[in-house]
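There are 2 protein chains.
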Amino acid sequence: MRLALMQAQSAVLDVASNLEVIDRSAAEASAAGAELLLTPELFPVGYAPRRLRKELAPETLPEIHASLEGLARAHGIALLYSLPEVVDGEWRITATLVDASGTRRVHYAKVHLFGTEEQEVFSPGSAPPVVVDFGGLRLGIAICYDVEFPESARAAALQGAQALLVPTAMSTGYEKVQRRLIPTRALESQLYVAYANHCGSEDGLELAGLSVIADPFGEVVGQAGAEQELLFADVDPSVAVAARSDVPYLDDRRPELYREWNL
Amino acid sequence: MRLALMQAQSAVLDVASNLEVIDRSAAEASAAGAELLLTPELFPVGYAPRRLRKELAPETLPEIHASLEGLARAHGIALLYSLPEVVDGEWRITATLVDASGTRRVHYAKVHLFGTEEQEVFSPGSAPPVVVDFGGLRLGIAICYDVEFPESARAAALQGAQALLVPTAMSTGYEKVQRRLIPTRALESQLYVAYANHCGSEDGLELAGLSVIADPFGEVVGQAGAEQELLFADVDPSVAVAARSDVPYLDDRRPELYREWNL
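Protein chains in written order, with the working numbering: chain A, 538 to 800; chain B, 538 to 800.
Treat the hints with care, since some could be wrong.
Identical copies look the same in the list; a pair holds intra-copy or inter-copy alike.
To be verified - Below 25 Å or equal to it, Euclidean Cα-Cα: the simulated DMTMM-like pairs (lysine to aspartate or glutamate) are:
#, residue 1, residue 2
1, K713, D740
2, K713, E756
3, K591, E655
4, K713, D788
5, K591, E743
6, K713, D789
7, K591, E764
8, K713, E743
9, K713, E622
10, K591, E557
11, K591, D551
12, K591, E797
13, K713, E793
14, K713, E565
15, K591, E712
16, K713, E627
17, K591, E654
18, K713, E606
Since the hints were made in silico from the structure, they are not lab data.
Extracted from the complex, chain A is given alone in its bound form:
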C-alpha cells in the first residue's frame, strides 16, 4: 500500500484554512497513487491544548468530522486525522481513520498525555493502540507521546499490526525521537512506523518537522526536513515477514517473565 504522510503548519483554531491544507495534500497524495494520507496530531484545529479547551466549541466537532469525511470521498483516499473529542465533559485527543468512501473505520484515544498542559486539559484513553485490516495490511494507530513508550508499539505488534500510524506534534529540541527512537520502535517491534509532525510555529510553540517513516528492519525509508512536505512510502507486509525471520524479536520475547517482573 502506498502511504502518504503530510507535514505542515497548522493555524490554531482556523479550521477552514487547516482543512484547505489537508484538501490540497489529499489531492496531491491521491494523484500520486497513495491510498492513505496520514496527518499530524490535532491538525484541523491546531496544537494548542489550553486554547482549544477555552475557545473550541465542542458542538462544532461533528461538522469538522463531516468535512474530513467529505475530503476523503472527494479525493478517493483514506484519511487518518486527529481531533479532540468531548464525551460527558471529558476532553480526549483522538485519531480517526476514514476510508476512501468517507466511512469511519476506527477511532483511538491517546493513552499517554505529554506534559502539564495536555494533562490539565485532556483525559487519557485506556485502550491499547487500535488495530484494523486496511488495504491488505494490519494497521495500528497511536498518537505522539504514546509511541515514545515501547509498550504501545508492542501492544500494536502483538495484535498483528504491520504498520503503526502516528499523528504527532513534536517541538524542537527532541529531534532524537524522530532520528533514533522511531526507527528503534520499528526495529524492535518489527513493523513500519509512520510519524507525521507539524512544522513551523503554532501559538509560540516551535514544531520540529522531521516526519519519518521507518521500516520493520529499523531502516528510515522516508524523512522530511523542517518545512512543509508530503512524504511517500510503499508499505509492504512482506518486509515485516522478512524482518521477523531475520531476527525474531516478537517470538523471542519472554512475556511470562515480564508479567512476573511486574512491568
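Fit chain B to the supplied structure of chain A, relying on the hints for placement.
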C-alpha cells in the same frame, strides 16, 4: 563514577591470552581513574557457543573466576566480566561484578538467547536484570540480546538502576543496534546504557565493535570505532535525575494498563 569500557578481540579458548588483554585494560583503566571496567560477553573464553560447549571443561571455570578476581584486586578496579556457567548440566551465559577487592557482588544469567546456536547450547535465565548499589550508583546488568528488548531495560529502571552495563558480542550487519537502539533504550528508560562489544574476527564471526555509552537523555557520550579501544565515561546519577525531570517517562508509564493489555 568513572566507567571504563573495554572493546577488544578475544581468542576463542585461549583463556591465558584473553586474561592478558583484560589485565592490560584493567591497568590502563585504573591508571586513568576508572572505578569499574566493563568487558564484552564471554570475553575470557571467546564468543563461540558450540565450540565452548564441546571444548571448554566446566571444571576450569572456577579458576578463571579466581584469575579475574585477582586482576580486580591487583589493579584496584571493579570488573564486570562474562563467562559460561554450568549448573546441573545446564549451561548459561552469565555476567559477574567483582569489586576492587575481588569480592563478588552480583551475578546474572542472560534471559534472551540469540539465534539457534545460542539456543542450542545454552539455557536462558529467568531473573530480571540484577541491580546493585555500587560506587554511589544503582547499576543494572543485562547481556547482549537482552538489551534489544525494551522490557529488560525497563525492569532495570523500575528497580532504580541509573546505569545498565551490557557485555555484548554483536556481529557486523546490525550496527543500527549500537547507533540507534542503545541510545533509545537510555532515553526511554532514563538511565546510562554502556554496551561493550568485541571487535575483529572470532572463529569466522565478524564482530562489529562500535561499543557505546549513552546517557539518560539518549545522548551518546562515548562511541568506539571498529578496532580495539578503551572508552571512558563519567556516570553521574544527577543526569538521570535531570532526564527524569525533563520528560518523566518512568512516571508517565501506565503499568496498570500494560497488564490489562497482556504485554
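Against the structure, the hints:
Taking the shortest alpha-carbon separations for K713 and D740, only the intra-copy value of 23 Å comes in at or below 25 Å, while the best inter-copy value is 37 Å. In this homomeric assembly, K713 and E756 come within 25 Å of each other (Cα to Cα) both inside a single copy, at 15 Å, and across copies, at 8 Å. Only within a single protomer do K591 and E655 lie at most 25 Å apart by alpha-carbon distance; the minimum there is 13 Å, versus 59 Å between protomers. Taking identical chains as interchangeable, the C-alpha atoms of K713 and D788 lie at most 25 Å apart only when they sit on different chains, with a minimum of 20 Å there against 28 Å within one chain.
Taking the closest pair of Cα atoms, K591 and E743 come within 25 Å of each other only inside a single copy of the chain (21 Å); across copies the shortest separation is 60 Å, beyond that limit. Taking CA atoms no more than 25 Å apart as the test, K713 paired with D789 passes between copies only; the shortest distance there is 19 Å, against 27 Å inside one copy. Taking identical chains as interchangeable, the C-alpha atoms of K591 and E764 are never at most 25 Å apart, the minima being 29 Å within one chain and 59 Å between chains. For the identical chains of this complex, K713 and E743 are intra-copy neighbours only, at 16 Å inside a copy versus 29 Å across copies, given an alpha-carbon limit of 25 Å.
Taking the shortest Cα distances, K713 and E622 never come within 25 Å of each other, neither inside one copy (30 Å) nor across copies (39 Å). For the homomeric pair K591 and E557, the shortest alpha-carbon distance inside one copy (24 Å) is at most 25 Å, but the shortest distance between copies (69 Å) is not. Proximity of K591 and D551 under a CA criterion of 25 Å is satisfied intra-copy only: 14 Å inside one chain copy versus 71 Å between copies. Neither within a single protomer nor between protomers do K591 and E797 lie at most 25 Å apart by alpha-carbon distance, with minima of 45 Å and 34 Å respectively.
With identical chains, the CA atoms of K713 and E793 are never at most 25 Å apart, being 32 Å at best within one copy and 28 Å at best between copies. Proximity of K713 to E565 under the C-alpha cut-off of 25 Å is found in neither arrangement, the shortest distances being 30 Å within a copy and 34 Å between copies. For the identical chains of this complex, K591 and E712 are neighbours neither inside a copy (30 Å) nor across copies (48 Å), given an alpha-carbon limit of 25 Å. In this homomeric assembly, K713 and E627 never come within 25 Å of each other (Cα to Cα): the closest approach is 32 Å inside a single copy and 42 Å across copies.
With identical chains, the CA atoms of K591 and E654 are at most 25 Å apart within one copy only, with a shortest distance of 13 Å there and 61 Å across copies. In this homomeric assembly, K713 and E606 never come within 25 Å of each other (Cα to Cα): the closest approach is 34 Å inside a single copy and 40 Å across copies.
In this structure, the earlier hints numbered 7, 9, 12, 13, 14, 15, 16, 18 are contradicted, and the remaining ones agree with it.
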